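> Here's the letter readout for the chains.
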Amino acid sequence: MLSQQILNGLVSGSVYALFSLGFTLIFGVQKLLNFAHGATFMAGAFIAYYCTISGLPFVMAIGFSMLATGLIAILIDLIAFRTLRKRGNAEFPALVSSIGVDLILVSIAQQVSNTQVLNFPFGTFPIQFYDVFGLRISLLQIVILATVAVLVAALIFYLKKTTFGRQVRAVATNERAAALLGVNAQSVYLQTFFIAGALAGLAGVLIGLLFNSIQFMMGEPYMLRAFVVVVIGGLGSVQGAIVASLLLGVTQSLAVAYLPSGLTDAIIFGLLFLVLLVRPNGLFGDINAVAGGTRQ
Amino acid sequence: MIQMYYAYQPIIDFFLLSVGFGYSQQIALRAGVFSIGTAGFAALGSYCVAILATKTGVPIFLTVILGTVLAAAVGGLLALPLARLRGAFQAIATLAFVQIILSLLLYGEGFTGGALGIVGIPREVNTWILLIMVGLIMYVMWNIGRSGMGRVFNALRQEESVASSLGVNIGKYHIIAFIISGAIAGLFGGLQSLYTFQIEPHNYGFHFIVNMLTIVILGGRTTLLGPIMGALIMAILPEIARPLAENRQAVNGVILILVITFLPNGVGDEIVFWFRRRKQARQQQKRASDKEGNDAVTSS
Chain A
34 MLSQQILNGL
44 VSGSVYALFS
54 LGFTLIFGVQ
64 KLLNFAHGAT
74 FMAGAFIAYY
84 CTISGLPFVM
94 AIGFSMLATG
104 LIAILIDLIA
114 FRTLRKRGNA
124 EFPALVSSIG
134 VDLILVSIAQ
144 QVSNTQVLNF
154 PFGTFPIQFY
164 DVFGLRISLL
174 QIVILATVAV
184 LVAALIFYLK
194 KTTFGRQVRA
204 VATNERAAAL
214 LGVNAQSVYL
224 QTFFIAGALA
234 GLAGVLIGLL
244 FNSIQFMMGE
254 PYMLRAFVVV
264 VIGGLGSVQG
274 AIVASLLLGV
284 TQSLAVAYLP
294 SGLTDAIIFG
304 LLFLVLLVRP
314 NGLFGDINAV
324 AGGTRQ
Chain B
105 MIQMYYAYQP
115 IIDFFLLSVG
125 FGYSQQIALR
135 AGVFSIGTAG
145 FAALGSYCVA
155 ILATKTGVPI
165 FLTVILGTVL
175 AAAVGGLLAL
185 PLARLRGAFQ
195 AIATLAFVQI
205 ILSLLLYGEG
215 FTGGALGIVG
225 IPREVNTWIL
235 LIMVGLIMYV
245 MWNIGRSGMG
255 RVFNALRQEE
265 SVASSLGVNI
275 GKYHIIAFII
285 SGAIAGLFGG
295 LQSLYTFQIE
305 PHNYGFHFIV
315 NMLTIVILGG
325 RTTLLGPIMG
335 ALIMAILPEI
345 ARPLAENRQA
355 VNGVILILVI
365 TFLPNGVGDE
375 IVFWFRRRKQ
385 ARQQQKRASD
395 KEGNDAVTSS
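Chains A and B, in that order, give the protein sequences. Heads up: the first sequence begins at 34 in the working numbering, then just goes up one per residue. Heads up: the second sequence begins at 105 in the working numbering, then just goes up one per residue.
For reference, chain B alone in the conformation it holds in the complex:
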């Protein structure tokens, strides 16, 4: 067991970080916000932690908290103008935000190290801390899902006009979604820089965006299981396809197409939906048989 853990530790850590970023991406999509700002928030969080940890004497846990707060605050500010936009326009505006952050990181060489990034960040994060943090975020997400806020998010995603006719303040909930998404991405960005001890702007580019979208859409956009399944597939796929060497990318592509064609809601969501349907069917059956029993009693 321990042997296996050591052999696969990098993959496990990569998986845990992806799950964290995946939740940041998911909460936005879940509230009907097509934001791909997760990359920008993650960059803010990780650079905040990296700069504070290498250049000042701020305690490490405080840097992570500051990174999280910074990303959440920027998320809230970004939400103000973006509340006017919808759909693909919102996506592109957040893409613009990510590009602006990245080019500022590249430009501010004295402060951010430019294209080379920052090296020598103390390595303070291990698998257990990541595991605890993912557990914490899952707990938060689970509670959001069960509370009124989760139901408002679902309503906003499915039909915004209905939600607003029922008295939901759309702008407010979009801002909340952005803040949560920013906070989670900032937190995991900070953890990532403390884990990899070297960051550069390139880490949070187009690839990062595409990966996060893939994880959430492939895994599922509404359930807690979604990002876990998505991140699991994306972490394991390259390992399975390793013997194929150069054809690996192509095989990944084929599998992505096949999975999404047959499970368009995402693997995690489909599993959860299947269990829900089964539960419902059972309850119905039970109700029907109860009713039959009652009828038999009264008729006799």
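Just chain A, same shape as in the assembly:
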């Protein structure tokens, strides 16, 4: 029973990781909090749903929705962030403009879906269960764990080993210095936004499958969790975000299973509070990194 709960926690934690990675990537590179990330996630689930309904094979629907959410994220950067960034001191203004984008996307989704909860048609994904060492694991869970593992590995490889990754990290450290060395910061921003959007879109599809429900407000609770994950892991730290997501997923499923149900949130956020008191920069945060956000 305990190990079953841990397994379920790992599965939901790995989806949190997918969602939070984009969020932390944007924060790490731009030092901006993107409140529209939850709406991007929701858009991913919606696009995949309408593609499946209109008869596209499911795998293609997923690919198409990742592409589309990547492009949506690029649009968000162009519309809401670029002009503010050019002027400098964008932390607070960017908060409001991304809230604006969030309102627009949520309102579109609300009208498209007529405020209803959508479900993927039965049989979109084969329902199969396996018994592994006494654990009951579904095909979907296996696929989710494998997909997330592969994507996370690819992302880390991309950031650490390729020229693009080095450019991203250079811009994250110091945009001006990177620009002087010939890095095109604007293109780095667009690429990080595309990756973040595509990951969020995939997370949306996976969550939509896992709980078999898609609705226009589904992004909000995940935004709240992404904040928790990203801060516990250390803002801008990819490894930290992954570890923190898995921790959050497992803690949550254990708290739901073994503790009074009304107290789950109190316990999770109490833990978050404690982590911050012991490690003010998160578990993997850089001591020297100044997490901006209060400068005028």
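Note that these hints are calculated values from the structure, not bench results. Owing to the predicted nature of the structure, the values given are computational and were not obtained by experimental measurement. Any given hint might turn out to be false.
[As the list claims (entries may be wrong)] Ranges between beta-carbon positions, derived for each pair:
no.: 1; chain 1: A; residue 1: 254; chain 2: B; residue 2: 227; range: 25 to 35 Å
no.: 2; chain 1: A; residue 1: 160; chain 2: B; residue 2: 265; range: 57 to 67 Å
no.: 3; chain 1: A; residue 1: 35; chain 2: B; residue 2: 223; range: 33 to 43 Å
no.: 4; chain 1: A; residue 1: 303; chain 2: B; residue 2: 223; range: 38 to 48 Å
no.: 5; chain 1: B; residue 1: 227; chain 2: A; residue 2: 159; range: 50 to 60 Å
Using N, Cα and C, we set each Cβ at its ideal position, and we do this for glycine too.
Position chain B against the provided structure of chain A, taking the given hints into account.
Only chain B this time, still in chain A's reference frame:
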């Protein structure tokens, strides 16, 4: 005039409450504290008032004072551990505080009514009381801005290391900012529960936080006019966009993006800055012309 007042009374009251909460949010940001605890303080204040007013015979004005004191005290206590954190980490820690308060309110069903909240709170607050309270808070904020404390807050916001090198006790002023923010939010939380006669934990959730941040950032983070302009825009926008029916939210979003892109300091701050710049330019011109006159006199 009276007709117009009756037609728009709910909007006016909503606007006044938002201005109050906006000042609570602003004073924290103004001191360089990225706190979003206003929602939690407001919840404490409103539940304190609601519980005392419905279950005990404590006089109403006393319940409001108790709610304010409670929220201020919790703000002070919260500030002790949070003084170590900065920026987004501080924001998330206060978000955690809000979530803990909300889930405790949901959990303590016997005491707080759980998800249904508390109903039947006596309706003792009207527009005039709200107006007087907003005026009072504005007076307090104005005085803070003019005093040494306001200057310390400005210094902390702009460059903390400079402030500390000039002998400012950062921790102390962060605690003061938290206490003021808590007191204002607690006061208006209490007023809100006496105004709406029904409260539930959901009122103080993520939406509340996002709204308050929007009001302050859209209006302006440093001037007295800021939260007023922000609350005004947020109160009037839905009314203007009413004919658009379902597209209302989307239009709100578009307007938020446009306003903040062209006035990144916030509407209220930009107005105040514009007047200040004009005044300065005039003084400079005057000084220059005075000097010219003097030169002419001496040279002749």
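> Holds or violated: the 57 to 67 Å window for the beta-carbon distance between residue 160 (chain A) and residue 265 (chain B)?
holds (59 Å)
> Honestly, do residue 303 (chain A) and residue 223 (chain B) meet the 38 to 48 Å range at C-beta?
Violated: the Cβ-Cβ distance is about 29 Å, outside 38 to 48 Å.
> Is 25 to 35 Å a correct range for the gap between the Cβ atoms of residue 254 (chain A) and residue 227 (chain B)?
holds (33 Å)
> Go ahead and decide if the range 50 to 60 Å is satisfied by the Cβ distance of residue 227 (chain B) to residue 159 (chain A).
holds (58 Å)
> For the hint 33 to 43 Å, verify it against the beta carbon of residue 35 (chain A) and that of residue 223 (chain B).
holds (42 Å)
Figure legend: structure checked against the earlier numbered hints; the only hint not met is number 4.
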